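Asks: Build out the structure end to end from the sequences listed, making use of the hints.
Just so you know, the protein sequences line up as chains A and B, in that order.
Residue numbers for the first sequence follow this note's numbering, beginning at 1 and rising by one.
Residue numbers for the second sequence follow this note's numbering, beginning at 1 and rising by one.
Misleading hints may appear alongside valid ones.
Which copy is meant is left open, because identical chains are indistinguishable; a pair holds if it fits in one copy or across any two.
Claimed, not checked - Cut-off 20 Å, straight-line C-alpha distance, at most; resulting in silico cross-link-like pairs (PhoX-like, lysine-lysine):
(1) K80 to K317
(2) K404 to K44
(3) K414 to K404
No wet-lab data here; the hints were simulated from the structure.
Given the structure is predicted, the values throughout are model-derived calculations rather than measurements.
There are 2 protein chains.
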Amino acid sequence: MILIRDATIVGDKIIQGDILVEDGRIREIGKDIGEKADDVIDAKGKIAIPGLVNTHTHVAMTLFRGYGEDLPLHEWLQNKIWPAEAKMTAEDIRIGSLLAYVEMIKSGITSFNEMYIAGINEMKEAAEEVGMRGIVSLGLFDLIPGHSYEGEIKGMKESIFKPSELIMPAVSCHAPYTCSKELIGEAGKFAKEKKLKFHMHVSETRKEMLDVLKAHGKYPFEYLDELGVVHEDSIFAHASWVTKREIALVGKRKATISNNPESNLKLATGGICPVKEYIDAGANLTLGTDGAASNNSLSIFETMKLMGLLQKHRYWKADILPTRRIFESATVNGAKALGFDSGELKEGKLADIALLNRDVNLVPEHDIIANLIYAAEPQNVNDVIINGKLVMKDRKMLTVDEEKIKKDAEKTAKELVKR
Amino acid sequence: MILIRDATIVGDKIIQGDILVEDGRIREIGKDIGEKADDVIDAKGKIAIPGLVNTHTHVAMTLFRGYGEDLPLHEWLQNKIWPAEAKMTAEDIRIGSLLAYVEMIKSGITSFNEMYIAGINEMKEAAEEVGMRGIVSLGLFDLIPGHSYEGEIKGMKESIFKPSELIMPAVSCHAPYTCSKELIGEAGKFAKEKKLKFHMHVSETRKEMLDVLKAHGKYPFEYLDELGVVHEDSIFAHASWVTKREIALVGKRKATISNNPESNLKLATGGICPVKEYIDAGANLTLGTDGAASNNSLSIFETMKLMGLLQKHRYWKADILPTRRIFESATVNGAKALGFDSGELKEGKLADIALLNRDVNLVPEHDIIANLIYAAEPQNVNDVIINGKLVMKDRKMLTVDEEKIKKDAEKTAKELVKR
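Replies: Right, here's the structure in full:
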């Protein structure tokens with residue numbers, strides 16, 4: 001039982017009060033809760049927000065942060081990232097994941113959605129060790145040399161583990177241009193049967209959008225819809241290069257879009273996701289950092305700010321997207337996308353909470369939500385509770401040895417690229 | 001005398017060593033400097049960088065952080081910002097400035113370039129109290145009701161104070177569309193006579209660029225060049241809406257451009273400054289945060305990242321702008337623009353230095369400059385030295401009472417908008 005005392009609580013309304021956490025959930029929110037708790041956190045002067053949700057990432061890629069910078073995109077992938085990834089062991093993935101989880105928690109993120117080429121168990125176990133909530137899945141692709149439809153289907157089935165309190169499995173197809181029609185159809189069917197989320201990269205670049213159009217005679221979301229994978233349990237990352245008809249379709253299906261603005265700019269995809277139009281169409285709009293290799297940090301505060309800035313820029317309209325919509329994208333919409341009963345500070349919800357200090361960058365407080373979107377930085381994250389457990393206090397991790405994780409990651413990353 | 005021991009020193013090369021600071025300057029950089037210093041800073045595991053330079057800001061506007069968010073631009077200015085600014089007292093400006101200086105130092109900024117409508121002495125004195133280096137100037141405009149050519153010339157002359165060790169005066173004209181030809185010409189002449197920097201907003205919006213073209217038959221930089229103000233001692237903020245001929249002209253004159261990407265996106269100006277082209281043309285490219293009301297934080301780390309991301313985006317080219325060029329924009333180019341003998345960690349230079357911790361977001365270190373541009377955040381700034389004096393240690397200000405500054409700013413900001 002944890003009692004958070006006298007915080008500014010960011011719910012539908014902003015109130016000053018206490019939060020009582022019991023058995024992993026928010027039991028009560030109110031004034032002067034008298035309950036005797038094991039742990040009392042004096043949150044006077046602090047801001048309590050729902051933990052942020054990162055709906056698209058590749059955690060082990062922290063090992064490639066800043067590796068091969070300043071190269072043309074193609075050269076970076078072919079000569080740097082892909083060869084290094086091919087040499088990664090499961091243990092490397094475990095080490096890179098631990099680093100990512102700690103980095104995310106230190107920037108207020110409490111849930112993540114992962115897709116990677118290997119190391120499913122290691123990513124899951126590392127998340128449980130850190131105490132982080134998330135989805136871990138294997139990214140399938142059968143149109144790449146060395147991969148086959150049968151092999152991918154087998155890999156998919158093997159990758160589905162028994163859900164734990166914190167970590168859920170999912171089904172992920174890499175992208176429409178790397179997966180056959182048959183693989184996407186079958187994976188989608190399997191996900192439905194097993195009641196699992198379906199996760200995919202779509203229309204990150206213009207070329208990829210046009211390639212799908214050429215190969216299948218349809219725009220990517222129309223093609224995917226025919227294969228039955230555009231629905232409420234699907235999460236599509238990027239989705240920047242889309243037609244208005246596709247936006248309407250995604251909205252009608254109530255599918256989730258994961259907007260990854262840093263990565264889109266960093267990889268020079270030329271695309272700015274039409275976030276505002278997706279929201280208006282009825283899609284579930286959420287935010288992702290993508291992997292650290294194409295960002296190069298894992299901060300949803302930065303992502304929220306950039307999402308807002310780029311929408312203003314894209315439409316030449318300063319009031320295009322209210323700050324509340326952006327905040328929902330990073331919290332309740334993200335939780336809904338991943339199927340977690342969290343993302344809001346409400347009685348009965350899972351207790352995933354970040355407490356922020358009011359450092360100089362959050363003063364004055366004319367508008368607390370505007371401050372959270374456009375001024376907050378990871379430095380403001382003071383304490384983090386996930387699933388009712390305090391995992392970080394005063395910016396120190398309580399569950400794992402941060403220094404060891406940093407040392408292991410540094411050593412592993414340097415060795416890996418020299419192998 | 002301060003001895004920084006065993007830091008990773010980011011100079012032209014990256015070396016591991018000590019920095020000896022004496023009489024405000026870097027006396028020696030080397031291995032195991034034996035010198036007995038008053039203060040020894042154990043910088044093992046830390047990164048020493050030149051303090052970052054913010055070449056365009058309005059410090060007192062921290063008081064309007066998040067005020068009138070989510071409004072159309074015109075309404076925000078007319079109904080919120082301008083009425084509130086009109087009610088500001090010199091004391092309000094002092095309080096807002098103190099907040100900005102502390103925020104900047106906490107994100108590794110050691111020099112700033114300020115233009116504002118009043119409160120010159122207060123901004124200067126507050127900076128000296130905090131121990132920050134900078135330029136403080138009055139923004140002139142005679143085409144706005146209530147202002148006249150004569151009044152502005154008088155105001156300009158009165159605003160020029162005796163330079164102190166840390167703070168220099170300058171001459172600032174607000175913008176080509178708010179100042180008469182005569183005012184710009186006269187102010188420019190005065191700045192040259194007094195050997196002061198000349199500072200101006202130019203071509204922030206498309207409309208403003210076209211208005212100048214309509215009124216004077218010339219594009220803004222061509223018009224300003226005729227008035228004699230485009231030269232090595234001029235700093236032009238924004239300059240996003242420009243022709244290729246103007247870029248060539250600015251380059252030829254070796255003038256300084258202050259790129260303010262957050263502000264440009266936030267105010268939905270539609271413009272992305274063609275940074276890469278300015279650099280290629282020979283201009284001195286630097287970075288600014290603009291005021292906190294249109295950003296809403298004051299972090300040059302964020303600005304460096306966004307500058308890089310937007311150039312990649314603008315030109316659809318991931319390798320358009322090497323990280324070293326971005327780092328120079330935020331350090332040595334900025335110092336050069338402001339006329340300070342700092343911005344580099346070299347023997348003999350002014351000792352403006354930030355020491356960064358290697359928190360998880362800076363691990364691994366494949367490329368230290370890439371980490372500084374794309375992964376570093378204010379949380380990484382551990383200690384700051386300005387003019388040879390330690391002003392922040394372990395993220396605590398040593399020169400001023402941070403809590404009092406926050407409290408005063410909160411109270412002042414709330415009262416100000418209700419007056």
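Asks: Can you tell me if K404 and K44 fall within 20 Å by alpha carbon in one copy, between copies, both or neither?
Replies: between (32 Å within a copy, 17 Å between copies)
Asks: With 20 Å as the alpha-carbon cut-off, assign the pair K414 and K404 to within, between, both or neither.
Replies: So K414 and K404 pass the 20 Å test inside one copy only (16 Å; across, 45 Å).
Asks: Using 20 Å as the alpha carbon limit, work out where K80 and K317 are close: within a copy, between copies, both or neither.
Replies: between (39 Å within a copy, 17 Å between copies)
Checked against the numbered hints above, the structure violates none of them.
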